[in-house]
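Peer 1: Here the protein sequences line up with chains A and B, keeping their order.
Take the position in the first sequence, starting the count at 1, then add 7; the result is the number in my numbering.
Take the position in the second sequence, starting the count at 1, then add 7; the result is the number in my numbering.
Hint data in this document are derived by calculation from the structure and do not stem from the laboratory.
Take these hints with a grain of salt, some might be off.
One copy or two, either will do: identical chains are not told apart, so a pair holds if it fits within one copy or between any two.
[What the hints assert, rightly or not] Think about it this way: if two alpha-carbon atoms lie no more than 27 Å apart in a straight line, the pair counts; the simulated DSS-like pairs of lysine-lysine are:
| # | residue 1 | residue 2 |
| --- | --- | --- |
| 1 | 173 | 38 |
| 2 | 16 | 316 |
| 3 | 136 | 316 |
| 4 | 87 | 409 |
| 5 | 87 | 412 |
| 6 | 103 | 137 |
| 7 | 12 | 316 |
| 8 | 103 | 26 |
| 9 | 263 | 206 |
There are 2 protein chains.
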Amino acid sequence: MSEQKIPYKIYLAEDEMPKTWYNVRADMKVKPAPLVNPGTLQPMTAADLSAVFCDELIAQELDNDTREVPIPDEILGFYKMYRPSPLVRAYCLEEKLQTPAHIYYKFEGNNTSGSHKLNSAIAQAYYAKKQGLKGVTTETGAGQWGTALSMACAYLGLDCKVYMVKVSYEQKPFRREVMRTYGASVTPSPSMETAVGRKILAEHPGTTGSLGCAISEAVEVATSNPGYRYVLGSVLNQVLLHQSVIGLETKTALDKYGVVPDIIIGCAGGGSNLGGLISPFMGEKLRGERDYRIIAVEPASCPSFTRGKFAYDFCDTGMICPLAKMYTLGAGFIPSPNHAGGLRFHGMSPVLSQLYHDGYIEATSVEQTAVFEAAEFFARTEGILPAPESSHAIKVAIDEAKKCKETGEAKNIVFGLTGTGYFDLVAYEQFNNGTMTDHIPTDEELAAGLAALPPQPAL
Amino acid sequence: MSEQKIPYKIYLAEDEMPKTWYNVRADMKVKPAPLVNPGTLQPMTAADLSAVFCDELIAQELDNDTREVPIPDEILGFYKMYRPSPLVRAYCLEEKLQTPAHIYYKFEGNNTSGSHKLNSAIAQAYYAKKQGLKGVTTETGAGQWGTALSMACAYLGLDCKVYMVKVSYEQKPFRREVMRTYGASVTPSPSMETAVGRKILAEHPGTTGSLGCAISEAVEVATSNPGYRYVLGSVLNQVLLHQSVIGLETKTALDKYGVVPDIIIGCAGGGSNLGGLISPFMGEKLRGERDYRIIAVEPASCPSFTRGKFAYDFCDTGMICPLAKMYTLGAGFIPSPNHAGGLRFHGMSPVLSQLYHDGYIEATSVEQTAVFEAAEFFARTEGILPAPESSHAIKVAIDEAKKCKETGEAKNIVFGLTGTGYFDLVAYEQFNNGTMTDHIPTDEELAAGLAALPPQPAL
């Protein structure tokens, strides 16, 4: 098919959109290791998890076998508000780079949450509503997940309680107001509303909070209020299942024009975007049908894949959640405060961790100022102001396109543009002013984080 | 055609997109009155305007006859970055309102400028580039126009100097940083860079600036630097021509599904969005081919159509620009500072003013808290966080849909959703906190503004 026939933006028609999610675990020969109870070191059962999570979501979390999961009609209805997202052929970027490569990006930022997080938020809120619950609780740091969940809950008429790390609550008032506009209650964490919050405030009166503390408060409120459950926006198997819609739409759009990607690139924090984007391609790779180069891009300041350890660890810095086997920097690892945006999680999705361990994924890390240089270049060329998270993928996509210029290869490069940077302008301001710096943790700093790993289960 | 066949979002294919702009003046029996020199009270000629504006834009400004103006290929190329914009069938809103009405909105906010302003920014920047100019100057208040112009100039490699009202520069640092990321220089106005800025600062050392002063600075810089011209984002005839792409896409999308609007609603500040949205429909109305109800919605705090006077007036509060015949509250009128967002202009596009004067357009005004109630309802229902400006149209669209519920009529209601509210969260915060208030100017306040109208030309 002639290149001229590929539109600048490919939007699927309603009848081309996915009707099922794809569960990549069904095609993995080595399944991701189960969540483990930190007390007994035994795998968590559905019963163990039911006080915290919705029943249907627990079933999805534990199901390593079902390949295709039907998307409920109500969720397909919600999708119509913001999906399909466009697959964009980056003609302007290609021209500016003078590369023979063909670059495509799947843009998930065209909704008010500003990111792909809405894909799992609506699914988790839907199953909570279906179970007859009154509401859900969660934590948010930068605010993308909290915003997405607020939107989904507003649509379904579900109560939404967000515990927002206090320093973000104060420094990102705009994110907070978006959530409130969607009817969520937003509480700065630590708060006096929970036992754990009161304890932390008594011990550290001036603390500005942490994600670990916010998780602890959200879980406490979910488990101590009848009709509430806790929801989480990344890392979990269920989240990757919901996010598979990104990859399924991408693959349908590319197939329609006979385009086969050579390289697929995604930023990786907890893994929700990367896992979703690559899922159907990874399925083909796992089944031996086709090979793709798949690259996870992480920040040099929080390098769980490239410098972490594949081991059981707590998912939260508060160390109250189950243990997950994943690439981790240790639950106590805190990235440099100069690191902007998301991708600050110490661990990585167990599914992606297993795939990386088994050699199906490459990983690379990039430094912050180089990421913002790529972001600015992309903004001026393609018009979209990208989120700092997404810009990690942009940086590596540009690097690969430059390599194609050297070799003369017309590779097809696909990357995930997870979101927009409208709420990250403090970081852009630092970059514009030349005051942004990089931070690469020393071996000693990493060793300290890994020294605190919990006892390992004998599974 | 069955209702089920209409998709939630209609995106035109590339070959369905407009290739020409539509100049509504060609179909007006009574043409808009010409711009007039405030000194001589004679119509401005192309030569009079050439020190300030680009030559091709002057030709467009003065051309009342050419019906179809070809869109240059370079502009069509830029459109691909963010157009077509979706025409959305508001199924969720209809269901929540339980109305038999069919509601559609044309959403222009899916680009980094967050509004429709980009449509004219790229056109004006393109003609400046084509004339071999080095750059353009402009003013910005809330920042949508400045952002749009920065994006267009970055794409074309044109220098962009934005004079930003000092109070906005300080209170809206995020808008400022978006413009800087796109390579624009952003100067708080009044500044020491211009004679007029220095004069104002000497007379009023603590001033936080005004749009009138920022216009004066931008015009001074354009006329005193070789290779620069001044550009403006609303009011002018050329801007309505460029913005006709909104209405042309809307009409093509509706025609495709056999939908004929009964009511077309747009917010009105300077008129750039409303004029663009209605243009092809107004053409049919002017030619007697079809009738439509067309409603301009303005804020009760700045009611130029509903309480202003149809007279020659200055376009700028600094009173250095040509006179335009328009509905005006007087160039000295300043809306209440509690009024959030745009739509603060004292006058109205001469084209729309003439059409309103001749009975082709209705106008209504709405109060701020009612507008934000509609905005919140819309956000929770349709998922998009709307700009305060756009929410004026939402408010009236909802009111009309409620009337349909009473009468049982299945009217087709189309409104313009001009942009997103990501940079207006200070106003949303006031609304969320219950501290937002309304302000309707008294007759005495309006009389004071109108008392200062300049001498009227005898044309």
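Peer 1: Hints the structure violates: just list their numbers, smallest first.
Peer 2: 1, 2, 3, 7, 9
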